[in-house]
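S.K.: Chains A and B, in that order, are what the protein sequence lines are.
Those letters in the first sequence? Residues 1295 to 1622, by my numbering.
Those letters in the second sequence? Residues 99 to 472, by my numbering.
Mixed in with the good hints, there may be bad ones.
[Said to hold, decoys possible] Here are the simulated SDA-like cross-link-like pairs (lysine to any residue), alpha carbons at most 25 Å apart as the crow flies: (1) K264/B <-> E1518/A; (2) K463/B <-> K1496/A; (3) K1453/A <-> K442/B; (4) K1453/A <-> G422/B; (5) K1488/A <-> W414/B; (6) K262/B <-> G1337/A; (7) K262/B <-> E1324/A; (8) K1496/A <-> E1518/A.
[Claimed, not checked] So the derived list for chain A, only partly shown, Cβ under 10 Å to chain B, looks like this: (9) E1354; (10) D1459; (11) P1534; (12) S1572; (13) A1574; (14) F1575.
Derived from the structure by calculation, the hints contain no laboratory data.
Glycine residues also receive a C-beta, built at the ideal position from the N, C-alpha and C atoms.
Here is what each chain is made of, one letter per residue.
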Amino acid sequence: MAELMYREALNQALAEEMERDANVFLIGEEVGRYQGAFKVSQGLLDRFGSARVIDAPISELGFAGLGVGAAMVGLRPVVEMMTWNFAILAMDQIVNNAAKLRHMSGGQLRCPIVFRGPGGAGGRLSSQHSQALESNYAHFPGLKVIAPATPADAKGLLKSAIRDDNPIIMIEGERLYALKGEVPEGEHIIPIGKADVKREGKDVSIITWSRMYYFCEEAAKQLEAEGISVEILDLRTLRPLDEEAILATVRKTNRAVIVEEGWPLAGVGASVVDIIQSKAFDELDAPVLRVTGLDVNMSYAANLENAIQPDAPKIIAAVKKVLYREGA
Amino acid sequence: MASKYSKDLLLTMYRKMYLMRRFEERAGQQYGLGKIAGFCHLYIGQEAVAAGVEAAIRPDDYMLSGYRDHAQPLARGSDAGMVMAELFGRTGGYSKGKGGSMHIFDIENHFYGGYGIVGAQIGLAAGMAFASRYRNEDRVTVCYFGDAAANQGIFHETLNMAAKWKLPVLYICENNRYGMGTAIARVAAVPEIHKRGDAYGIRHEAADGMDVLKMYESVKDAVEYIRAGNGPVLMEANTYRFRGHSMADPATYRTKQEVEDERKNDPIPRLKDYAIKQGLAKEEEFDAIEAEVKEQVDAAVKFADESPEPSLDELWKDTIVEEGEEDVRPRERVLGVKVTRWPKYPSGQELKVTWDLEPREQAEKADKAAGLKR
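Next comes chain B alone, as it looks inside the complex (with noise of 0.2 Å):
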């Protein structure tokens, strides 16, 4: 029977997950040499949401997340070696090693950053969604947060705003099941996260972030629905991470058994066998994807490593903006190329805003149906 995705689509979405993987797994690594400090919150297990969503959308759209942020800007295509160098604090980082872990910023790439405030983001993805409306652009806004962050006001609060004014974002909340160290039904009146969408009247779904296919179908139709303007979708992606909270958590609030359990739903052997069995690719395939791999991360690491630290004077650099500054951009401050792809905005004379938030009729009738006279 003949698989309805391509082979190219599989081998890249492996290729994603396997890069994740593995620089993770090397990020411990550095973290337990102490190469790597403060808190190193890694994406093990939870490498199927992000590539499947990765293949589903536009590489112009919009993306944030919360500090659990070193894996969706790699699936975004940004350089291993310069985040890796941001987990050393070095000047190779893309924020020069002054973001850390928890702040990776690729703006070439629509990555717009890594919070560590719980939920933050969630009101910038608005923000940003409705500059994409105001400029009557199609982008669509993937904003990542944690099933945590469904518990901050700022989740409510944005979402009402959001379904209100049809903004275009798709809230992706990756669901791994606990907040740090609290299982979400202990502290979640409601532990079916998408389920709050009800209460603002957006569309809302549960998908298998174990399962990158599965992943990735959702995520195509509910961007497909956001693309057509009807307003965001909250998505709970349903998915677990196999290592502790951060790197300083060693997770003893669950049993090795659902670990364990967990770890027989790995999606990057799933891909594999489903490719091989549909003989879409050969096991030597994956074999060279790997090697390639591993190549990439070894030499990220090395390039961290080499990557001097930021001299003292960066200290005073980077807080205001004066006067005619340019913005940095890491590619080519750090790799000397040239980047094309920064972001372009029209100007203030060119731009023409002709959207309606609140029709004036729609105004009026609600005004009549309130009794009021105007």
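Next comes chain A alone, as it looks inside the complex (with noise of 0.2 Å):
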């Protein structure tokens, strides 16, 4: 299996599928000539042309638009949104139009578009460039939002969403571009809904998605020489939640930790809470604890910066508040 970056593995899947089906196009922000503000589309020009690979003027709304548009008559559109900050601005086009014409329209359309782009904090770019918004998207049905940690899941994904019929919102780890990571080959599909165990353990569930999972890997390696074993379910999928999935891990370990970059007020954090309080709470041995982004905005200062975000430190107290161990 080849080592891919994972900005090479959504490349390859857009490739791929672009090769596999005609209708598929690309459009956004530098994604052209400029080769990607983050060389996720490297390459595809040259390849495509550019009417499959249409450098947009910076209207995000309009573009955004544009892309539901063409969903609507069938072609597959991926709109990059350069990151999903900015796509705050195409919030109407992909809230009030895409997540809603089957539904208005009475099962008569679809609108199978891919809105896809990077999200998350850090790079010290302050308050407007940093922020988690997947709890924005996921509380809308008629979306699905999927946002995956590492290459191999973000080139299986990217591909099930391009093939999937519903408009999907994929969020990016802006901090992961450069990550490494054994990507099969070829038709390499990840179902969307579906978590993944991504380490097995026993004494305690950490549940989380994108970036936080390399932290919560940290803190279990810490926490499994102290002698305490984690297991972490990467959900991968953020609506639909695979309820399976987490309901599974809880009652092999009847503890649970949800670790989340965005801010805890009606973070999607908040509904895997749910989930296991309403359907496990029997198998509870513990309160279910959430780490989260803190209430505020994000600072430009290093530090400031550094104590807004969740860290292994702080996923390890939880633990061990769970655990009832000293410490906590």
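Using the hints, put the two chains back together into the complex; each one sits in its own frame.
M.R.: As structure tokens, this is what we get:
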């Protein structure tokens, strides 16, 4: 198996799907001649031409709407948002149109579109460029939301997303693009809606997704040295949530910590807690805890930026607390 | 003097306008009776626009609209009973009663919906037109919106792209002079909306939206220009709604005199007078059409009234498309007729994309002009 960067895995998925289906096209800011702001679309313009790899003006609302319209008549657009922060400008087209077309038309229309781009904090970019916005989209019926942590998942989920007949929100990890991992060649598909046990353990479950997975791994390694066995469930899909996998891991370890980059109020993690307490309350040996970003805007100052985000020490503290261990 | 129009054309346009008028009058009445709820934006007064457009385009051209969207699908040939049932929120409606007044969709007749957010359909229309170019079809997309929508960001963002990429779309701004209760001149720096086409270098014009024949001529020219590959046209159809913004609006922001004056321009009697004066049709022929349409609309109301409410399990359908799930064909579902006009698009294997959105030589020339090297 080839070792690829997360961005290369996405590039491979795009190229394979565009090769397979001429209805697939890519539109976004700098996706063509610039080769992608994060180089996800490297080489695609030369390979597929300017009608299929389209440099859009800086008009998120406009080109999101153009993509939705094209999807309504059977094309399969992939709309790259340079970051999800900018996609806030396109919310109306994503939420009021794409998510609702099937319903409002009484099942006459489908909207096979993928909106994708990087999300999350980091890199000293302050408030407007450092936000984990997945809960915004997970809120809306009619959308599916995916957020892969590894290069292999990124490739497999993007291929599924492009083939799906529903509007998909794909939130990539801005800090993960250069991360390497083994990626199967060719037809590698990860089903949307299936979580993945990334680490087997028996004392406590950590439930997470995207970049936070790596902090959880780091915490799990340190905890293992102290004799605590951690299971890590990577949700991969945030809408629909894989209830079965969430309940299975909780039934196995009887304790859960949810790690989420975004803000605590109305976060995706809050819904995971709801699933656990309403369907597996009797299995729990301790209250479920959440480790989230702090409930503040992101700062530019390096020390503040670090303090706002979840990290391994915070996760370790939460795990010890649900285990009723010292230091919690 | 012989008219340049055929009798058939005039009578067809008359029948459509009269159907829209009667339908909307009955919809207003049913709203009063509590059978229709929500907002109910009537088209009364604007019929010449939809009838003129429909006569000038092909049935397979795409169309979208805003929330004032009952009449345009009727002009396309949608079933009046099913549109009325949608207004009633009944299962016999085009969207099973899930879309209601502001979201009429009739894909069989290439009517791709009414949209409740002001201007949102302007972006969708560009995407549909883009798809036509992408597949090398000579279809035009007709997009209706109101005067107020021209002040939304999506209007400007989309016109820029549509112009740059020469998308085959006809933007028809139905300027009825009021965005809800606000006269357009009070909030628009340039109230002649069509002039905004200059900013994007696209053909634009004002059309008489109270005269169906003039409307027909304007649209015929514009569509020919678009189909020839010249890119979009922004047409401002100057029209007037005789009623309030919606049934919930008593329209106290304009004078009785203004409405009375405008009613003198009513496009429906105007067309009738013209046809009779030209000796193309007799009074009795119009009487017959009117009687038929009245019957059609009565039947539509009856159909809607007798159609059941959707069952509660419908709540869980039509949100996410399951794998292998077919699209719902409304007339097939409701009337049991075999629908054959359902759009079929080429699969990825059949499709050859030959369009060059930004030819390489052109891009390189632009680079050179900017002093860039590649």
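S.K.: Work down the list of hints and note, for each, if the structure agrees.
M.R.: Tested hints:
About 62 Å separates the Cα atoms of K264/B and E1518/A, which puts this hinted pair outside 25 Å; it is violated. Under the criterion of a C-alpha separation no larger than 25 Å, the hint pairing K463/B with K1496/A is inconsistent with the structure, at around 64 Å. Among the hinted pairs, K1453/A with K442/B is consistent with the structure: their alpha-carbon atoms are about 24 Å apart, no more than 25 Å. The straight-line distance between the Cα atoms of K1453/A and G422/B is roughly 17 Å, inside the 25 Å bound, and the hint therefore holds.
Taken as a hint, the K1488/A and W414/B pair is honoured in the structure, with Cα atoms around 21 Å apart against an allowance of 25 Å. Taking the CA atoms of K262/B and G1337/A, the gap is about 24 Å. The hint holds against a cut of 25 Å. Of the supplied pair hints, the one linking K262/B and E1324/A holds, its CA atoms being roughly 16 Å apart against a limit of 25 Å. Between K1496/A and E1518/A the CA atoms are separated by roughly 11 Å; this keeps the pair inside 25 Å, and the hint holds.
Among the interface hints, the one on E1354/A holds; its C-beta lies about 8 Å from the nearest C-beta in chain B, closer than the 10 Å criterion. This hint holds: D1459/A has a C-beta 4 Å from the nearest C-beta of chain B, less than the 10 Å allowed. Against a cut-off of 10 Å between C-beta atoms, the interface hint on P1534/A holds, since the closest Cβ of chain B lies about 8 Å away. At about 20 Å, the closest approach between the beta carbon of S1572/A and any beta carbon in chain B exceeds 10 Å, and the interface hint on this residue is violated.
A least Cβ separation of about 24 Å between A1574/A and chain B goes past the 10 Å threshold, and the interface hint is therefore violated. With a least beta-carbon distance of about 26 Å to chain B, the hint placing F1575/A at the interface is violated under the 10 Å criterion.
Checked against the numbered hints given earlier, the structure breaks hints 1, 2, 12, 13 and 14 and satisfies all the rest.
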